[in-house]
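Engineer: Taking the hints into account, I'd like the entire structure generated from these sequences.
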Amino acid sequence: MRIDLFIKSILFLFAASAYAYGAESGGMPQLDPEFWISQIFWLTISFGFLFIFLSKFVLPMISENLENRKSQILENIEMAEKHREESEAKIKEYEKIIEDSRLKAKGIINDAKIKIKSEINLKKDALENEINSEIVLAEKEIEDLKKRSPDKIQKIAIDTSKDLLKQLIGADINQSSISAIVEDLSKKGRDKYYGV
Amino acid sequence: MAANPMYQFNVYRIGPEIKIGDVDLSFTNASLFMVVSSILIFVIFKIGSKKNSLVPNKIQLLTELSYTFVSKMISDTAGTKAKPYFSFIFSLFMFVLFCNMLGMIPYSFTVTSHIIVTFVLAAFIFVGVTIIGFIKHGFGYLKLFVPSGVPMVLLPLIVIIEIISYLSRPISLSVRLFANMMAGHTMMKVFGGFVVSLGVVGGWLPLSFSVALTGLEILVAFLQAYVFAILTCIYLNDALNLHH
Numbered sequence: 000m001r002i003d004l005f006i007k008s009i010l011f012l013f014a015a016s017a018y019a020y021g022a023e024s025g026g027m028p029q030l031d032p033e034f035w036i037s038q039i040f041w042l043t044i045s046f047g048f049l050f051i052f053l054s055k056f057v058l059p060m061i062s063e064n065l066e067n068r069k070s071q072i073l074e075n076i077e078m079a080e081k082h083r084e085e086s087e088a089k090i091k092e093y094e095k096i097i098e099d100s101r102l103k104a105k106g107i108i109n110d111a112k113i114k115i116k117s118e119i120n121l122k123k124d125a126l127e128n129e130i131n132s133e134i135v136l137a138e139k140e141i142e143d144l145k146k147r148s149p150d151k152i153q154k155i156a157i158d159t160s161k162d163l164l165k166q167l168i169g170a171d172i173n174q175s176s177i178s179a180i181v182e183d184l185s186k187k188g189r190d191k192y193y194g195v
Numbered sequence: 000m001a002a003n004p005m006y007q008f009n010v011y012r013i014g015p016e017i018k019i020g021d022v023d024l025s026f027t028n029a030s031l032f033m034v035v036s037s038i039l040i041f042v043i044f045k046i047g048s049k050k051n052s053l054v055p056n057k058i059q060l061l062t063e064l065s066y067t068f069v070s071k072m073i074s075d076t077a078g079t080k081a082k083p084y085f086s087f088i089f090s091l092f093m094f095v096l097f098c099n100m101l102g103m104i105p106y107s108f109t110v111t112s113h114i115i116v117t118f119v120l121a122a123f124i125f126v127g128v129t130i131i132g133f134i135k136h137g138f139g140y141l142k143l144f145v146p147s148g149v150p151m152v153l154l155p156l157i158v159i160i161e162i163i164s165y166l167s168r169p170i171s172l173s174v175r176l177f178a179n180m181m182a183g184h185t186m187m188k189v190f191g192g193f194v195v196s197l198g199v200v201g202g203w204l205p206l207s208f209s210v211a212l213t214g215l216e217i218l219v220a221f222l223q224a225y226v227f228a229i230l231t232c233i234y235l236n237d238a239l240n241l242h243h
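Sequence lines, in order, name chains A and B. Residue numbers for the first sequence follow numbering that gives the first Met the number 0, so the first one is 0 and each next one is one higher. Residue numbers for the second sequence follow numbering that gives the first Met the number 0, so the first one is 0 and each next one is one higher.
Honestly, the hints are just simulated from the structure, not real lab data. Only a predicted model underlies this, so the values are computations on that prediction, with no experimental measurement involved. Here a beta-carbon is modelled for each residue, glycine too, at the ideal position from N, C-alpha and C. Where hints are given, some of them may not hold.
Claimed, not checked - Computed footprint of chain A on chain B; a stretch qualifies when at least three of its residues, placed anywhere within it, have a C-beta under 8 Å from a C-beta of chain A:
(1) 19 to 25
(2) 30 to 38
(3) 62 to 75
(4) 81 to 88
(5) 151 to 165
Structural biologist: Shown next, in the form of structure tokens:
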């Protein structure tokens with residue numbers, strides 16, 4: 000700034016001296032005291048009123064608004080911080096709930112598995128028992144049948160032979176003699192069919 | 000007549016002559032621009048502070064930025080004790096700035112290019128600061144002229160220098176602003192005159208100079224207002240916080 004001023008003063012002196020000779024009223028109007036008092040008077044009035052009006056009506060409003068904004072921003076930041084904390088707590092809570100429910104679900108699944116397994120086992124056992132008993136019953140029946148079938152066959156054989164004989168010979172043959180023969184025959188054949 | 004680069008600084012009466020006793024208080028072109036500056040500042044800042052919305056519009060932003068700019072300037076140079084003088088320094092800065100800037104409009108009048116105006120402002124600041132200093136510190140304010148850590152032999156010399164520098168404050172403050180404004184405007188007028196006298200052939204060089212000078216002068220107009228305000232803050236700081 001000093002250098003700027005310096006250069007300017009030199010240029011100004013040059014210019015002023017160059018024009019001083021040609022101009023009729025040479026000097027600087029600033030040094031003419033004709034309107035000094037007027038300028039001081041009007042400066043006092045305009046600046047004085049400016050100062051009063053600004054300090055009374057304008058600056059307090061600007062200051063108030065700046066303060067309001069600052070406090071509003073602080074408040075907002077505070078609120079945002081609170082909201083953030085709240086949401087963090089909520090997230091934690093939520094995560095805990097998820098973890099709990101996951102554990103619970105696991106327990107339920109395990110329980111269900113065990114239950115199903117035991118049920119399956121129970122059913123399997125019951126089924127096996129039933130099957131066994133059926134098998135036993137069936138075996139017994141087979142055994143029964145096995146035991147009974149020779150007699151029946153014998154009886155059938157006797158009847159058939161009696162009928163056959165009646166047809167062939169045309170006479171009733173004694174029952175006991177036929178059965179004796181059939182018995183005799185079947186005893187021989189039995190070994191062959193039943194392996195007894 | 001218009002070719003005289005000093006002609007632009009002429010003060011002339013607008014309207015009737017107003018005389019109180021022997022004193023001429025006529026409304027002049029200088030008065031007009033002082034009043035226009037004041038009204039312009041007031042209107043702009045009034046509009047800017049009227050709505051006071053949370054999210055500022057352009058003009059409100061302008062006023063708020065000016066406010067924080069001056070407020071920061073004061074607190075940086077003079078500390079928190081200077082808070083009560085904020086309105087004055089704000090008004091001072093804005094007044095000088097608007098007077099300087101309005102002077103940049105062609106055919107307008109630059110109020111601050113008159114030594115009497117800047118001197119009255121500077122003298123008011125000087126007297127005010129001195130009164131504040133004596134109110135705050137009593138006669139202890141005179142310690143301002145006695146820097147600490149100076150050898151006893153040099154002390155009388157230093158004290159004299161300090162007193163002279165203190166007393167020359169209003170002069171340096173006022174002359175700085177006045178000389179800058181006057182020199183800048185005179186130079187622009189001189190180069191403008193060259194453009195006319197050199198004509199179409201040779202006038203381009205001074206014309207480009209004139210354009211560049213206009214930019215420089217706008218910068219100077221702002222800078223001088225800032226310097227004026229910040230020196231006021233520094234003087235106020237001396238009065239409020241006695242460091243020596």
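Engineer: Among the hints numbered above, which are violated by the structure, and what are their numbers in rising order?
Structural biologist: 5
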